[in-house]
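There are 2 protein chains.
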Amino acid sequence: MNGFDTAWLPPEAFGPLGARRTLIRGSGPLVGTVRDEVARACERFGGEVVRDGSYDLLLEVTDGGLGAEEFTCAREGGTTTVTASNGHGLLYGLFHVVRLGAQAFTGGWPREVHRPATELRMLDHWDNVAVHPVMGQVERGYAGGSLFWREGRAREDFARVRAYGRLLAACGINAVCVNNVNVHAVEARLLTDRIGEVAAIADVLRPYGVRTHLAVTFAAPVVLGGLSTADPLEPAVREWWAAAARTVYAAVPDFGGFVVKADSEGQPGPFTYGRSHADGANMLAAALAPHGGTVHWRAFVYDHRQDWRDRTTDRARAAYDHFAPLDGEFAAGAVLQVKHGPMDFQVREPVSPVLGAMPRTRLAVEVQATQEYTGQQRHVCWLGPMWSEVLGFRPEGESGPSVGELARELVAVSNAGDDPFWTGHPLAQANLYTFGRLAWRPDADPYRVLDEWIGLTFPSAPARLVEGLHAVLDGSWRTYEKYTAPLGVGFMVQSGHHYGPSVDGYEYSPWGTYHFADRDGIGVDRSAATGTGYAAQYAEPWSGVYESAGTCPDELLLFFHHVPYGHVLSSGRTVIQHIYDTRFDGVAEAEKARRVWAGLVDLVEPAWHARVAERFEEQVRGAREWRDQVNSYFLRKSGVPDAHGRLIH
Amino acid sequence: MNGFDTAWLPPEAFGPLGARRTLIRGSGPLVGTVRDEVARACERFGGEVVRDGSYDLLLEVTDGGLGAEEFTCAREGGTTTVTASNGHGLLYGLFHVVRLGAQAFTGGWPREVHRPATELRMLDHWDNVAVHPVMGQVERGYAGGSLFWREGRAREDFARVRAYGRLLAACGINAVCVNNVNVHAVEARLLTDRIGEVAAIADVLRPYGVRTHLAVTFAAPVVLGGLSTADPLEPAVREWWAAAARTVYAAVPDFGGFVVKADSEGQPGPFTYGRSHADGANMLAAALAPHGGTVHWRAFVYDHRQDWRDRTTDRARAAYDHFAPLDGEFAAGAVLQVKHGPMDFQVREPVSPVLGAMPRTRLAVEVQATQEYTGQQRHVCWLGPMWSEVLGFRPEGESGPSVGELARELVAVSNAGDDPFWTGHPLAQANLYTFGRLAWRPDADPYRVLDEWIGLTFPSAPARLVEGLHAVLDGSWRTYEKYTAPLGVGFMVQSGHHYGPSVDGYEYSPWGTYHFADRDGIGVDRSAATGTGYAAQYAEPWSGVYESAGTCPDELLLFFHHVPYGHVLSSGRTVIQHIYDTRFDGVAEAEKARRVWAGLVDLVEPAWHARVAERFEEQVRGAREWRDQVNSYFLRKSGVPDAHGRLIH
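From first to last, the protein sequence lines stand for chains U and D.
The first sequence begins at 1 in the numbering used here and counts up one residue at a time.
The second sequence begins at 1 in the numbering used here and counts up one residue at a time.
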């Protein structure tokens, strides 16, 4: 195991392509990448890159009116043809052929046009250059160290970064932010005197069509520039940023832009100067615009020093309250990056109302591949179905557009690190791949995407392996939901590291994360009539659906309503019995997945199999701990026995 | 403020002595210390150290049959006379005169003999040589860095250690263990190639009669000696330790001995080799005996990986179960060091049953000055009355001996660090002083000891300051108890750092620390009849007293019994109303103490006053947080409203 072939795109995935005669027409750096890929495959599988004569595959840059990342694919008369208007589209076309496998050279089909539905498909790396005393090298990182940074500097050997760029191109990702949105002192300097390290990374990612972005601190003019203010309307500040952008682009001509977490969880921002977030974002957009860059401005702004005694403040409301009034005020080069839910990447949240409330703003939806609250890559939790649900949500009901149609961009917090398997849980690779493909086409069927990932990762897998992988992954998100916090209420995790259960772990905290369980009932009243009014942040039909406990979907009930334990769900079960039942079911499902995986031992490379098997041991242990703590907590509190008489401690 | 006079023994404390003519007879290093002290005082206050002629004070080493640390004091015909059989006793006599102040030179009184009731009065420093990634420089340290270690080595400047030795001598402490009982890799080597650093510290402490001890790892023969085993019955192991002891004594001729935490919280021990703790301790005692050293073997042994679901295992039982059967098996040079309670330094615990169960074992009682669970030197919590209660407890009832009489030694986990005030909370100095004086005389009235501390720390304090300090300190332990975990049940702290409330923080943990609160009641059934049987580890009358909820003292009720919230205490209140009332009372008392302190602003040196005032802000904030979290938790769980209708969130 060389640590590079342990993901999709092992050499075998190129077998059908590598055995053919391929003609490549066009020039430019990304065409060079295409040429190298094909040549390497042919070397191994006996095919040839031809300069003329007959061929099975034509990869051609033409001026066929295609967009920057588009490609076409057709097969006629025994020849498969891919065209694109530049090398970037051609590279995507090449990987399309690889995904098709033998099928790419079978039969015939008319010209298909493939284009990404979103302009930008980005991974945000929460990587620190210097190891942070609390958060370590990668904040919320569960896959080893950083791919980019080591011992306070950019790595010396970028072979792994190169391989990463290739994996990303193969699933359609075209942008990476290389450092943590919580920008500490050392990392701040990447913007100025240490930009050379960013440029070195950008050079390695560029041949795969991946542009490099940088997280910056809003206070940079003060902490780096020595100015007395970072006021976004102050001319000296604007000029400082403009000059900083010029320097960055001199080093990285295709630099993507800045990512900013401002006025959030202790990070500085425009509020300090009495300015709006549009003022802040627009200033940075103005600095970047001359060079073709954009600023990603995160909407994750809330009061993280809330008083748990204060039931009028609702963290879920915060992003909408802060940003919806600013719709139309953001510059063209400012992207508002919105977490998919109103809280923080819980296993179940409603879709953020911000996504339906800002039609005149360029929106990016942010999801979290790293699994901070969904098992931290120790539990298998394939998030494809969850992301798909989010992207399919229609804020104005069935007749309106989906989130996938409203979003101009998709962003994920990356789950990759220098682990030999890229991700701490080898099966978590599927999250990275699925994210890229859903970002390309938000209405894709996630189970079909999973098929792609299986096909690319385990070329010529026998049916038993394909079925086994589906059995282990398809329902894993819902399994995880079953044994953790129930019915959308969220949190209930141990504080700080967020792994493992603690039902009251965030109940009396300043973080705005409460379930309000007492001896009679549980849940947060976010209705407009009697609660915090959060439900009214949605348009109809959702505001009406969520407003009433009678129409609110079961899986979100406790997010929107405080109900008695005896409240009957639409499933016909009471809330308390649902809590008990799903916990037992969740553990049983985790145990079953472990058994299924054990049965695949003869079909999976031993190190791969062993790592996953080891994670399943921890998952089953963890699931039982969740089951027992949650059940004991609610039995002690409600006094209601399990209807089926199972053991609750 | 020079950082050295901010404790007892500022120069002014020597005023009455320094104005006199003093004759000193005797020789030896500690007599030299006495001579220096007197000379320095005279320089400042105009007195004189005379060689003959008339004098007001005679300090004399005689062969009057006194024990090693004893001294006499008398006043007759205008002359005060202190005698001792050596310099150590004479030094204690000198500090006795300083404590008496002007009274030492007023009137007359017959010869009094002063002798310590205990042989050894020790401070254990939980200091790491190298900063530990989780625990920092001082484990559970709330007073800055280590007095001894800095940046991975012994400090270069020992002026502060010298001043520390002097403070310790003045309150009667005669031993210090200079490193953490959790012995990490770097610290292990203090025993061997780094013993020179220990010797340097010992040299500085020696003139104050303080002997130096070292915490060692039981695995030393393996990790340092390269042996394949640390089996205490293996001849090669025994010889390794004997050789190690010889090396230590070559460097530190008056070395005190080893301190060992074995088979506890992950530290290695004799259980690994199927040996008993007596086997382990006796091996080390044998190595030390030829040189006059002792081993302090901690009785803090329990299963810290308990399953919270398992109600048959009771951590409180562990020390007795492990050690009581070994009574009589420990060598003369082995001291069993027993925490005062069965758990871990909670604000209220019963006295450890081990202390009444091992008459044939040399016992040391261990208390914790550092306040890990009692406010971490951010809350004022003078522990004198608590320690006094422990020492006054009579395991066999009124006719039997007290713990203070049973204990041959007293040990405290030190609360001192390199903070300019020595302790993080300046008033926590009183804990250090009180410990020393109670160790000297366990039946001393702690409030009189506090008077001493006030007199020495604030010489010629006006009555208003003396009264104010008593008002703030006298009841502070019970105030702290009132707003934290109720009725002896303990814990309810945030995990890891142990500061601040989390009612369920240790409820589903592996640490054996549970309260079992449900909607009907709370507490741990430790009775013999229906519970874990812990109550039966006591002799009569206590086993009977604790066995029944009807006779168990209120303040320990939930430690011994699980009772309904409506259970009526001997105070006449129900348990739930007691919880509410004491929380409100505790906060009111903390607020009152803050006011009292504010009123002393004109009487206390500004930096001193300000530091304490700042701590009171945090204490009041923290007390309110405790009150509100505990009350909300139990209101939600019990559903019983406060009888007085006060606000519970």
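Don't read these hints as lab results, they were simulated from the structure.
A quick note: this is a predicted structure, and the numbers were derived from the prediction, not measured.
Glycine included, each C-beta is placed from N, C-alpha and C at the ideal position.
Be careful, since some hints might not be right.
Said to hold, decoys possible - Sample of chain D residues with no beta-carbon within 12 Å of chain U, all distances over it, derived:
hint, residue
1, PRO10
2, SER276
3, ASP307
4, GLY566
5, ALA588
Claimed, not checked - Chain U regions said to be covered by chain D (calculated; three or more residues, Cβ under 8 Å):
hint, segment
6, 274-282
7, 631-639
Said to hold, decoys possible - Some chain D residues judged to face chain U by a derived CB distance under 10 Å, without partners named:
hint, residue
8, GLU12
9, SER502
10, GLU507
11, ARG519
12, GLU625
13, LEU635
For each hint, the structure was consulted:
no.: 1; hint: PRO10; verdict: 38 Å, holds
no.: 2; hint: SER276; verdict: 33 Å, holds
no.: 3; hint: ASP307; verdict: 9 Å, violated
no.: 4; hint: GLY566; verdict: 14 Å, holds
no.: 5; hint: ALA588; verdict: 18 Å, holds
no.: 6; hint: 274-282; verdict: violated (count 0)
no.: 7; hint: 631-639; verdict: holds (count 7)
no.: 8; hint: GLU12; verdict: 43 Å, violated
no.: 9; hint: SER502; verdict: 7 Å, holds
no.: 10; hint: GLU507; verdict: 9 Å, holds
no.: 11; hint: ARG519; verdict: 5 Å, holds
no.: 12; hint: GLU625; verdict: 8 Å, holds
no.: 13; hint: LEU635; verdict: 8 Å, holds
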